[in-house]
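**Student:** Sequence:
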Amino acid sequence: MADHAQDSLFREIDEELKQEHYEKLWKKYGTYIVGAAVLIVLSVAAFKGWQAYDIKTRMAEGVQFNKALSLTQENKPEAALDAFSALADKAGDGYGLLARFQQAAHLAKSGDKTGAGDIYKKISADSGVPTLYQNLAVILGVLQDLDTADPADINARLAPLTADSNPMRYSAQELSAMLALRTGDLKKAKEIYTTLSQDAAAPSGLRTRAGELLAVLGK
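Residue numbers (our numbering): 5 to 223.
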């Protein structure tokens, strides 16, 4: 999810963004929303793990993690999932946390949204996980549930992350706008996209995307 370019994703939106196609739009573009945030946060998670563990243990876990990544690159998803699951069960907060995220990502890619969502929920509720990564797990968990879960439940999960002080606020706000599109609340979606498109502190790609969607929806 994290390694796809975003700039060209919305060239086709003006042809698809009709009321009856909102759900299709989300399924097509939704997985790209938090890519940059995922890369940054998980990179930091790896660094934190290196700070927290004995050098020998860290090296062993790093080797296992890289082997699991290699299985992914070799297009062996089942073997990679097994490797990440094993590492998640026994590793510490650094590579163990990374493995939990990778485990969930592989489940989601295989179509097991329920299994992926369960892992993200456990991470988000784990008091031993730093708040930043708990919040990331909320974002990724919402991605699994956005098509089917109760909108009120999703809004309740996203609301704390939309605060101005939260590093995940832009991803949370964008997901809130996508949820509004799913439920047909165009007014709310336009309000969120307007705010995002005018926020100079928001990532430039997100501002552009919000502006393009706002133009399609009609100001």
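Hints are not guaranteed to be accurate.
[Claimed, not checked] Lysine-lysine pairs mimicking DSS-like chemistry, simulated, CA-CA at most 30 Å apart:
{"no.": "1", "residue 1": "K71", "residue 2": "K113"}
{"no.": "2", "residue 1": "K94", "residue 2": "K117"}
{"no.": "3", "residue 1": "K94", "residue 2": "K71"}
{"no.": "4", "residue 1": "K194", "residue 2": "K117"}
{"no.": "5", "residue 1": "K94", "residue 2": "K80"}
{"no.": "6", "residue 1": "K94", "residue 2": "K125"}
{"no.": "7", "residue 1": "K192", "residue 2": "K125"}
{"no.": "8", "residue 1": "K191", "residue 2": "K126"}
{"no.": "9", "residue 1": "K113", "residue 2": "K126"}
{"no.": "10", "residue 1": "K113", "residue 2": "K80"}
{"no.": "11", "residue 1": "K94", "residue 2": "K126"}
{"no.": "12", "residue 1": "K125", "residue 2": "K113"}
{"no.": "13", "residue 1": "K80", "residue 2": "K117"}
{"no.": "14", "residue 1": "K113", "residue 2": "K94"}
{"no.": "15", "residue 1": "K125", "residue 2": "K71"}
Hints are computed from structural coordinates only; laboratory data are not their basis.
**Student:** Among all the numbered hints in the text so far, which are the ones the structure does not match?
**Tutor:** Hint 8 alone not satisfied by this model.
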